[in-house]
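When you get a sec, could you build the whole thing from the sequences and use the hints?
Its first residue numbered 1, the sequence shown is counted upward by one per residue in full-length UniProt numbering.
Source of the hints: derived by calculation from the structure; they are not laboratory data.
Think of the CB as a built atom: it goes at the ideal place given N, C-alpha and C, for glycine as much as any other residue.
One thing to keep in mind: the hints can contain errors.
Label-pair distances were calculated between CB atoms; the ranges are [as the list claims (entries may be wrong)]:
1) Ser88 <-> Met33: 17 to 27 Å
2) Val81 <-> Lys6: 20 to 30 Å
3) Lys98 <-> Asp56: 32 to 42 Å
4) Glu60 <-> Gln19: 18 to 28 Å
5) Arg4 <-> Asp61: 20 to 30 Å
6) Asp56 <-> Ser97: 28 to 38 Å
7) Ala32 <-> Ala102: 34 to 44 Å
8) Leu52 <-> Ala102: 34 to 44 Å
9) His16 <-> Arg101: 14 to 24 Å
10) Glu60 <-> Gly25: 14 to 24 Å
11) Ile21 <-> Lys90: 14 to 24 Å
12) Gln53 <-> Arg101: 17 to 27 Å
13) Asn30 <-> Arg9: 31 to 41 Å
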Amino acid sequence: MSLRGKQKRFLRSKAHHLQPIFQIGKGGINSAMMVQIAEAVEKRELIKVSLLQNTDEIAEDVAKILEEEVRCEVVQIIGRVLVLYKPSSKEKYQRISKEVRAI
Numbered sequence: 001m002s003l004r005g006k007q008k009r010f011l012r013s014k015a016h017h018l019q020p021i022f023q024i025g026k027g028g029i030n031s032a033m034m035v036q037i038a039e040a041v042e043k044r045e046l047i048k049v050s051l052l053q054n055t056d057e058i059a060e061d062v063a064k065i066l067e068e069e070v071r072c073e074v075v076q077i078i079g080r081v082l083v084l085y086k087p088s089s090k091e092k093y094q095r096i097s098k099e100v101r102a103i
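This is how it looks when you write it as structure tokens:
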């Protein structure tokens, strides 16, 4: 799954108004958090994840781990905030992915 420039721009505009729903703190990223992120991105298709100030994690490293484990696309990294996108496999949750495919 590789997104084109116009698709990424569209997703960034959609994500602008979202609040981060996951925060990675000093405990770092663990398998339980990965499962929760995978479930959330399956239902919402587009989410934000923020890294707190007290974490030792680096945003680019977390992005790489999430891309491999959750099989999602990192649309954007701004400072310590990641924007993740993955098309939902269930028809009833596919709102954004239909628009992305049309672009």
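Hint-by-hint comparison with the structure:
1. Separated by about 20 Å at the C-beta atoms, Ser88 and Met33 satisfy the suggested range of 17 to 27 Å.
2. Separated by about 22 Å at the C-beta atoms, Val81 and Lys6 satisfy the suggested range of 20 to 30 Å.
3. The hinted window of 32 to 42 Å between Lys98 and Asp56 holds, with their beta carbons roughly 39 Å apart.
4. For Glu60 and Gln19, the Cβ-Cβ distance of about 22 Å falls inside the hinted range of 18 to 28 Å, so the restraint holds.
5. For Arg4 and Asp61, the Cβ-Cβ distance of about 25 Å falls inside the hinted range of 20 to 30 Å, so the restraint holds.
6. Between Asp56 and Ser97 the CB atoms are about 34 Å apart, so this pair conforms to the stated range of 28 to 38 Å.
7. With their beta carbons about 36 Å apart, Ala32 and Ala102 fall inside the hinted range of 34 to 44 Å.
8. Distance hint for Leu52 and Ala102: a CB-CB separation of about 36 Å, consistent with the stated range 34 to 44 Å.
9. Between His16 and Arg101 the beta carbon distance is about 21 Å. The supplied range of 14 to 24 Å therefore holds.
10. About 18 Å separates the C-beta atoms of Glu60 and Gly25, a value consistent with the hinted range of 14 to 24 Å.
11. Our hint of 14 to 24 Å for Ile21 and Lys90 holds, since their Cβ atoms are close to 19 Å apart.
12. For Gln53 and Arg101, the hinted distance range of 17 to 27 Å is not satisfied, since their beta carbons lie about 38 Å from each other.
13. At roughly 33 Å, the beta carbons of Asn30 and Arg9 sit within the given window of 31 to 41 Å.
In terms of the numbered hints stated before, the structure departs from hint 12 and from no other.
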